[in-house]
Amino acid sequence: MFSYAIFGIHTSALNLAVELVILFLVVIWFALIFWTYADARRRIADPLLVGCATIASMAPYVGSIVYLIVRPPEYLDDVRERELEMQTAEARLAELGYHLCPHCDYEVEREFLRCPNCMRKLKDPCHNCSRPLDPMWKMCPYCEAEVGVGREGIAPRRQRRRRVSSEETAEQPFPS
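Under this note's numbering, think of the first position of the sequence shown as 1, with each following residue one higher.
Calculated from the structure, these hints are not laboratory results.
Don't take every hint at face value.
EDC-like mimics (lysine to aspartate or glutamate), calculated; alpha carbons at most 16 Å apart, straight line [as the list claims (entries may be wrong)]:
#, residue 1, residue 2
1, 123, 134
2, 121, 109
3, 121, 105
4, 123, 111
5, 123, 107
6, 121, 111
7, 121, 134
8, 121, 144
9, 138, 124
Put together the whole structure using the sequences plus the hints.
Rendered as structure tokens:
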């Protein structure tokens, strides 16, 4: 019977031990390839990069170690969850009436006419009730006054030109 020797070892017990160690290392290598593929799918959105990470891990042990160094630090589910938490926090802030100044990003309330940080004008006051008005509004929702009216709250009326009859024009002398 022909027996092969690994590393020149001809003792059957020692040869069996070496073969078991090699089998163990090969199984661990395949397990690392599968682990790299599964971990890359949870951390990387691009399927091409997942494939590249899996192919790189086929280099025995070194590929998996390199993947461990360069892999993204967070799972995709954690990133999505953090983004949802940020959106809900922003929605809660919007409900409370806090906004950011468009010029300096300082936190301002809905009722502010000017930013307390940069002193820029945020909104115009209503001439009737002095409450802040959005620039897009055509009417004050608080007192129903038209936007752009005078101090009295009454819109200035245009004077209509009176229609002059033909008899009146004949009676009036022309200015010279």
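Results of checking the hints against the structure:
{"no.": "1", "hint": "123 with 134", "in the structure": "holds, 6 Å"}
{"no.": "2", "hint": "121 with 109", "in the structure": "holds, 13 Å"}
{"no.": "3", "hint": "121 with 105", "in the structure": "holds, 14 Å"}
{"no.": "4", "hint": "123 with 111", "in the structure": "holds, 9 Å"}
{"no.": "5", "hint": "123 with 107", "in the structure": "holds, 15 Å"}
{"no.": "6", "hint": "121 with 111", "in the structure": "holds, 12 Å"}
{"no.": "7", "hint": "121 with 134", "in the structure": "holds, 12 Å"}
{"no.": "8", "hint": "121 with 144", "in the structure": "violated, 23 Å"}
{"no.": "9", "hint": "138 with 124", "in the structure": "holds, 12 Å"}
The structure shown violates just one earlier hint, number 8.
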